[in-house]
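Asker: From first to last, the protein sequence lines stand for chains L and G. Quick note on numbering: the first sequence equals residues 425 to 845 in my numbering. Quick note on numbering: the second sequence equals residues 425 to 845 in my numbering.
Source of the hints: derived by calculation from the structure; they are not laboratory data. Take every hint as true, because none was put in to throw you off.
If several chains are the same, the list does not tell them apart, and a pair holds so long as it fits within one copy or across any two.
DMTMM-like cross-link-like pairs, simulated, lysine to aspartate or glutamate; straight-line CA separation at most 25 angstroms:
(1) K441 with D749
(2) K842 with E521
(3) K842 with D783
(4) K441 with E835
(5) K441 with E838
(6) K461 with D472
(7) K517 with E582
(8) K461 with D445
(9) K839 with E521
(10) K839 with D783
(11) K832 with D472
(12) K836 with D472
(13) K836 with D783
(14) K832 with D783
(15) K839 with D472
(16) K632 with D651
(17) K839 with E823
(18) K548 with D558
(19) K585 with D575
Please read these numbers as outputs of a predicted model, since none were measured by experiment.
Protein chains: 2
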Amino acid sequence: MIRFYNGRVMTFSDGVKISGDEVWTDGERIAYVGPEKPDRPAFEREIDLRGDLVMPSFKNAHTHSAMTFLRSYADDLPLNDWLCQQVFPMEAKLTPELIYEMTRIAIMEYLTSGITASFDMYMKNDAYAAANIDSGFRTVICGALNDFDADPEDIEREYLKFNSGSPLVSYILGIHAEYTTGLDRMKFMSELVHKYRAPFFTHNSETKAEVEGCAARHGATPTVLLDSLGLYDFGGGGFHCVWMSDEDVDIFARKGLWAVTNPASNLKLASGIAPVCRLADAGVNLAIGTDGSASNNALDMFREMYLVVALQKYLTGDAAACPADMALKMACQGGARAIGLGNCDDIAPGKKADLIVIDLMRPNMRPLHNIAKNIVYAGSKENVRLTMINGRVLYENGEFFIGGEPGKIYEKAEKLLKEIM
Amino acid sequence: MIRFYNGRVMTFSDGVKISGDEVWTDGERIAYVGPEKPDRPAFEREIDLRGDLVMPSFKNAHTHSAMTFLRSYADDLPLNDWLCQQVFPMEAKLTPELIYEMTRIAIMEYLTSGITASFDMYMKNDAYAAANIDSGFRTVICGALNDFDADPEDIEREYLKFNSGSPLVSYILGIHAEYTTGLDRMKFMSELVHKYRAPFFTHNSETKAEVEGCAARHGATPTVLLDSLGLYDFGGGGFHCVWMSDEDVDIFARKGLWAVTNPASNLKLASGIAPVCRLADAGVNLAIGTDGSASNNALDMFREMYLVVALQKYLTGDAAACPADMALKMACQGGARAIGLGNCDDIAPGKKADLIVIDLMRPNMRPLHNIAKNIVYAGSKENVRLTMINGRVLYENGEFFIGGEPGKIYEKAEKLLKEIM
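For reference, chain L alone in the conformation it holds in the complex:
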């Protein structure tokens, strides 16, 4: 058991609440949240918070982890040139070994940013899952069926395999996007969705061109099309959700779907700003993702939370829109629930011990008028003192405990990378 004491704890069960309670973990779960007790068990470790804050961790609800291999490789290009001339040709050369090593770098970055789970859509998922398991990181893999995959049956095999292996890994059905997937394969996916009564995710309405293209191809928006095919019959949601019609928003609200916003990526690729306030007002569930580091380029939930709130104030012309608590809940609680990790969504007895410690002794956190607002409006990676996943400390005081030295991980990754450049 591990004890966090002499500090503060943020919980969500009653709004965003901060108390002076202690937190105890026992194995992979949280065992106790409450005031100091005179009778205490023997702890394997007692962590003096020195006034710092234990809080629910961030969940990255949309990413392509191994795309670290293209970070800062081809920025400042028009979207189409970037994708077709730079990204696709490089991706064709990816090996499982490179996916593994580049995922390790992404995991390290997630840990520095207080992210304890990712919802990842990419390729070579065995290598990807191994990198997560070996590091002790939690991930949910999203299927990425599209017209370029050899065998659509792989999706079902992956679904079964990754939902019955390591407790750190699970799998949710998905296609890459409407614009990369023909009707036949979408219908095939709908059969799987119905067979397993399972939620479904995909890139949805990221760019104006995508929505216009879908209208030309199918006479409907991506959301209306996917819904008409029954893909959203058991929940799920969409990544990006920038260009949403009123009908799309209505479908998302009625079906309890999740809109995962990726503000940094959408700005940098000039895609637009997702209507987060409009979605929230309609009752749509919301979560936040970083997208991959080829487009963002940081895997940093502090950046994303800040952008969510600041961009909505800009978009609505109302400085009161989208208050800080909303982004915190999206990043911690919404992210968890969106990707089937409802047992990682708060700090409470019985929940999984996925949590972070925020260093309040850095100048950007002072004074302490409002700690939640400090985190959203002024927080940064420098404030992440500790990141715990499934009861294990994987990152603390700038050091990683993921089985491997950073220098060695970079060296191996960059050696493999050089071979394909």
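Knowing the structure of chain L, use the given hints to seat chain G on it.
Answerer: Structure of chain G alone, referenced to chain L:
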């Protein structure tokens, strides 16, 4: 003398260039930038960069440092409520002691973000200057004449005093804004500008309402009005510059004025996005500021650089707009030149030793396809390994060397703050 070796150095004299050169400092200046030499002087310290990057430091070209006292105190409010009901009543209670302590917190935050100089407009400048001098931080104070000051003659006294004291402190003429300053006082300021043949700065075209109000009051935009009064006859510029007419842009370009953009503050207060690309295309000089922590709330140049480039891509609809190098130059070189610190604008022999070391061994900097893009698109405070001002290391590996322990500084500041709450 201090030697930085075994790493990389970024310089601006020939575009944004990165070499394997060493950097030597001697007292307050840079003494040598070049390859390793067999004959070396005796150094007081030799810093093994272990592959890390020495680069010119960031300059914060618009801020209100002591506003740390209102960080996260009253966010998520409409602009007018925030300013009139929260900020102004609290500012009326500020004491010199509180200005001093709150400035110390801001300086600490600047150091964590690689910022080595600030262009600060606020009040009680003796206390403010003392906090900078005592910390070893470099600052340029901007005059803030307005209709609520008791005695406009103070501006001239301050101008003379702060330009002849500590080499860390200088002073530039300014008014708070057109909307807080009557014509009489603007004309008085213009006399000072002409007497000293000095540049002039002010808040300029931050909000649409400000520009519309100025049109109603004076039948002109703020820029046209200020220029017609001769205030821009010896250079200077404006803070924010969000709502600029073509004529305004033309005046800025012709007169060599500086537009200081504050993207985070402008988003959060729903003021808009400054047309940085349009200004650049017209040949206007550009720099970046954080604004105060009541409105931002972070004092973080990584956030601002990212926003500058990402928001321009969004605004122009062109992912190729505003490349990363542009933001780097604005933050390091533009900022220095805008505020009269041309001798702090690069790493070259004879320049002031205001520099930073970027930690390239953090996961957000890997791989090293393009270090400059990594810094702008993925960099964060975690990457600032060392901050040097005037040849002195004030921050290194998370520790401050500013004459005082962080805990003690927070404690004193927050005790004083409590007395006015």
